[in-house]
Amino acid sequence: MIRIIMDAFGGDNAPAAVVEGAALALNRFDDITITLCGKEDAIRSELQKHSFDAARMAVLNAEEVIDCHEAPTLAIKRKKDSSLVKALTAVANGEADCIVSAGSTGALLTGATLIVRRIKGVKRPALAPLLPTRTGGQMMLIDCGANADCKPAYLQQFAVMGSAYMKGVAGVENPRVGLLNNGAEAEKGNELTKATYPLLQAAPVNFVGNCEARDILSGDYDVLVCDGFSGNVVLKYTEGLSATILSMLKEELMADTRSKFGALLAKPAFRRMKKMMDSTEHGGAPLLGVNGGVIKAHGSSDAKAFCSAVMQARRFVAADINGAIGAAVAALPDEED
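The working numbering applies: residue 1 is where the sequence shown begins, and numbers increase by one.
Hints listed in this document are in silico derivations from the structure and should not be mistaken for laboratory results.
Treat the hints with caution; some may be incorrect.
[Said to hold, decoys possible] DSBU-like mimics (lysine-lysine), calculated; alpha carbons at most 30 angstroms apart, straight line:
| hint | residue 1 | residue 2 |
| --- | --- | --- |
| 1 | 77 | 236 |
| 2 | 304 | 267 |
| 3 | 167 | 236 |
| 4 | 77 | 151 |
| 5 | 151 | 120 |
| 6 | 236 | 267 |
| 7 | 167 | 188 |
| 8 | 194 | 236 |
| 9 | 123 | 267 |
| 10 | 304 | 167 |
| 11 | 39 | 77 |
| 12 | 77 | 49 |
| 13 | 80 | 120 |
| 14 | 77 | 120 |
| 15 | 194 | 151 |
| 16 | 49 | 120 |
| 17 | 123 | 77 |
[What the hints assert, rightly or not] For each label pair, taking beta carbons as the anchor points, the in silico distance ranges come out as:
| hint | residue 1 | residue 2 | range |
| --- | --- | --- | --- |
| 18 | 318 | 117 | 18 to 26 angstroms |
| 19 | 194 | 95 | 26 to 34 angstroms |
| 20 | 171 | 269 | 25 to 33 angstroms |
| 21 | 186 | 318 | 50 to 58 angstroms |
| 22 | 237 | 273 | 16 to 24 angstroms |
| 23 | 27 | 184 | 45 to 53 angstroms |
| 24 | 194 | 120 | 25 to 33 angstroms |
Glycine included, C-beta positions come from ideal geometry on N, C-alpha and C.
Working from the sequences, and respecting the hints, build out all of it.
Shown next, in the form of structure tokens:
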């Protein structure tokens, strides 16, 4: 059995959406157990609303909650009885294989690093969301916020970790790795990207060169490597642009009778596009490089999104992604930290 623990009080819709998502996941997969961590009375009250295999569900009581506005390091150190800290501790102690949380990103990243700790040889863990591409597939953006300032050796490891994930979880046989840059030529970029380029050429990955911003979602890359500052800008801009375009499109389609008629005819196409871009279909972003499974779900996740995040956690553990990362990182030359 794959053992998944969920931070039941993380996210905008907790604990109701977390509990419902856990019930959906148990009914969908018969090879997992789920532990819900948080205020037990509230969790059990929500559990009564759903049908599931009770033998594969457990509750771990935690009386405190870490708020998104709290300083991450202080919150992790002071709130030992919080749902997030107790869930991370369960992973660190080998009592669970993977945590799913929609709570504070900063607290989750900090807690995972301090409590679960890094895989041996990993210099910096990296947060790696999956973005939909023009060709209908997915592309991993690594890092997207865990490390604002990076060194070339970090980015080389990001490429190795991202490749291991896309091969093991997404089923991409030979993931194409790109380096986010301001030009396609090898000599383009700042000091970081120019120093990283030869390291990626030497790494045991399918490095296909630099990727300009306009090509990020082209489908030509399976893993896109960048520092956490640039990656976070790309992620937030992409999310904002998608919402803006969809809003503008809806407004124009409802502008007059002819547009409304055209929208009605195109409705199936819009539905397919919405499904492809729907984050609830994909779950969350894995934190790669720590010695246990960590999935960061979106703060606004609903039950469907939490179920997808559990599915992602299940695949992560089943594919032994951390074993693959550990072996790949150990084979790299020991670049200066």
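Here is how each hint holds up against the structure:
Distance hint between residue 77 and residue 236 is fulfilled; the C-alpha atoms sit about 29 angstroms from each other, no more than 30 angstroms. With a C-alpha separation of about 23 angstroms, the suggested pair residue 304 and residue 267 falls inside the 30 angstroms cut-off, and the hint holds. Note on residue 167 and residue 236: the hinted pairing holds, with a Cα-Cα distance of about 26 angstroms set against a maximum of 30 angstroms. Restraint check: the Cα-Cα separation between residue 77 and residue 151 comes to about 28 angstroms, which is no more than 30 angstroms; the hinted pair holds.
Of the supplied pair hints, the one linking residue 151 and residue 120 holds, its CA atoms being roughly 18 angstroms apart against a limit of 30 angstroms. Simply put, residue 236 and residue 267 have alpha-carbon atoms about 27 angstroms apart, close enough for the 30 angstroms limit, and the pair holds. Distance check on the hinted pair: residue 167 and residue 188 sit about 29 angstroms apart at the alpha-carbon level, within 30 angstroms; holds. Among the hinted pairs, residue 194 with residue 236 is consistent with the structure: their alpha-carbon atoms are about 25 angstroms apart, no more than 30 angstroms.
For the hint pairing residue 123 with residue 267, the CA-to-CA distance comes to about 48 angstroms; that exceeds 30 angstroms, so the pair is violated. Restraint check for residue 304 and residue 167: satisfied, since their Cα atoms lie roughly 25 angstroms apart, inside the 30 angstroms limit. Distance restraint check for residue 39 and residue 77: the Cα-Cα separation of roughly 19 angstroms lies within the 30 angstroms cut-off, and the hinted pair is therefore satisfied. Restraint check for residue 77 and residue 49: the C-alpha separation of about 34 angstroms exceeds 30 angstroms, so the hint is violated.
A threshold of 30 angstroms between alpha carbons decides the hint, and for residue 80 with residue 120 the separation of about 25 angstroms falls inside it, so the pair holds. Between residue 77 and residue 120 the CA atoms are separated by roughly 23 angstroms; this keeps the pair inside 30 angstroms, and the hint holds. Annotation: proposed proximity of residue 194 to residue 151 holds, straight-line Cα distance about 11 angstroms (limit 30 angstroms). Annotation: proposed proximity of residue 49 to residue 120 is violated, straight-line Cα distance about 43 angstroms (limit 30 angstroms).
Taking the CA atoms of residue 123 and residue 77, the gap is near 22 angstroms; set against the 30 angstroms cutoff, the hint holds. Separation of residue 318 from residue 117 is about 22 angstroms and conforms to the stated range, judged on CB atoms against 18 to 26 angstroms. Against the hinted window of 26 to 34 angstroms, the Cβ-Cβ separation of residue 194 and residue 95 comes to about 45 angstroms, which falls outside the hint. In this structure, residue 171 and residue 269 meet the distance hint of 25 to 33 angstroms, their C-beta atoms being roughly 27 angstroms apart.
A C-beta distance of roughly 38 angstroms is found between residue 186 and residue 318, which places it outside the suggested range of 50 to 58 angstroms. Range check, residue 237 to residue 273: Cβ separation about 19 angstroms, and the 16 to 24 angstroms hint holds. Taking 45 to 53 angstroms as the suggested C-beta distance range, the pair residue 27 and residue 184 conforms, at roughly 48 angstroms. Between residue 194 and residue 120, the C-beta spacing of about 29 angstroms keeps the proposed range 25 to 33 angstroms intact.
Checked against the numbered hints listed earlier, the structure breaks hints 9, 12, 16, 19, 21; every other hint is satisfied.
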